[in-house]
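Enquirer: Add chain B to chain A, keeping to what the hints say.
Going down the list, the sequences are from chains A and B.
The first sequence finishes on residue 1341 if you use our numbering, and the numbering steps up by one all the way, no holes.
The second sequence finishes on residue 274 if you use our numbering, and the numbering steps up by one all the way, no holes.
Derived by calculation from the structure, the hints in this document are not laboratory data.
Be a bit skeptical, because a hint or two may be false.
Unchecked claim - So, partial list: chain B residues that the calculated Cβ filter (under 10 Å) puts toward chain A:
| id | residue |
| --- | --- |
| 1 | Ser-64 |
| 2 | Gly-78 |
| 3 | His-132 |
| 4 | Cys-180 |
| 5 | Leu-184 |
| 6 | Leu-193 |
Positions of the beta carbon are idealized from the N, C-alpha and C atoms, including for glycine.
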Amino acid sequence: MFEATQLNRRNETTQKLFRLALGGMTGILILPVILILGTLIWKGAPVISFEFLFTGPTKGMTAGGIFPALLGTILLVLVALLASVPLGVAAAIYLSEYAPNNWFTRAINLAIINLAGVPSIVHALFGVGAFVIFFKFGTSILAASLTLAIMTLPVVIVATRESLQAVPEAFREACWNMGATRWQTIRRVVLPNAVTGILTGVILEVSRTAGETAPIMFTGAAFFLPLLPQSVFDQTMALSLHLFVVSTQVPNMPEQLPYGVALVLISLVLLMNSLSIALRMYLRGKKKW
Amino acid sequence: MTAMAPIPGRSTERSLAIRTSKLNLWYGTFQALFDVDLDIRQGIITSMIGPSGCGKSTFLRSVNRINERLGYVRTTGTIDVMGQNIMDPEVELVQVRKQIGMVFQRPNPLPISIRDNVLFGHRIHNAGKRDARSEEDGIVENALQTVLLWDKVKDKLDKKATALSLEEQQKLCIARLLPVKPGVLLMDEPCSALDPKGTEAVEELIWELRGEYTILIVTHNMAQARRASEECIFMLMGKVVEHDDTGQMFVTPKHKETADYIEGRYG
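This is chain A alone, in the form it adopts within the complex (with noise of 0.2 Å):
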């Protein structure tokens, strides 16, 4: 009465294949982050030491450390969050609380969505436009971070927006009905509870922000410099750009050197994108609905 049937026997079959076939596709998904990290791990780790993070390039950058261009990509990555995390989320809880829902709101939801897909290096131009020239802020530490503020501005925005959006809307109508304002409402409800949808933003952000290398190129990033830059004015090293000219441009480049380079960015990733989780944790653990 219970035994299999034919039937059974052959869909079972079937789902096993597909069990294995889906599985291998997961597989084959895996191992070149596999392979990419322990290659980077394997050839890069001998390389990293003391004097490799907190000493400056010599003897044409086939010797010596990378702390200019670890410093660079730091200084270039805080100061774009300083631009873009302000203006991101001001532009987002307006768009998401305040702005009516009509054709033109949604005209700037689908700018923003498309502002996205922009090629960093169109973007990288629009910097040099803007901030080298017009703005004559000379290829600079600004004029640099002030692009990529513009090419993660729209990232920020729409992470923010869908957090906000997240937050129940029976919590703005109960603070609604005691008549609270729409920016009490905000500050006292929404954002509280939208903080960690806002930090994966900035998470995002941060790991696209520190790898980009075309929209620095052209704005403030250079390829060698013998002295620490003294202000945001100045032009700046930056790991993404030393790693181009340490694996291309420099001749009788010891091999393990570039892996040294490429290791340091990934673990810089990394550990900014690890705060950040940390702290979203913590603040996810205090609320609760």
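Expert: Here is chain B on its own, set in the frame of chain A:
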């Protein structure tokens, strides 16, 4: 002119809390209310019954002008609350919402502590300043005592309000309206998300509140309208069919539609 007339305490004469005349309301091109003339007496519980879509919730939501948030709503006629037309241009919406509290079908406490929930309205109407701790404590205790919740939550005032049971959440939602001293409480099916025990508890509470507050309650539950209100309004297709003493209406309805609805022949 921002503040409305102060509400006298328990009133013995039959003064009116809400009076509408020729109230018409359209959602876009759909007319939801037709020439609604209603006199709702102060300090009693008035229930509104009628089949879904008859306009009772729409009416309720017009009385604190929350309908307006939908951009396509158009209203004509007047709504006087405690003697003042709240549709006047010089009326401040924030004052309307403060004087006319609303309780929703689904309890909607804010995801903050019980204490902060009770104080939320008080604080936003107090220039965002916080009173002395002792004064706030008094407000919290008072409001929670009034809604019969104090003994249950007095030891966990700093716990999240969202962790309470639905019944307690609904009581809390009523409690947080009280510190700003509203005159009218609007309730949109306040018990429909609750189990029978919770329903009974919240009904008891609403009964306790009458006298001090004018309560207008929309309900689908005929038995609730019958046992928990003093006057009853029956609406159908956007019009008021009958408005009478609750006991009277349930025993000898004047209109055939009312009788049909009360006896469950439709709706």
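Enquirer: Identify every previously stated hint that the structure contradicts and give their numbers, smallest first.
Expert: Number 1 only.
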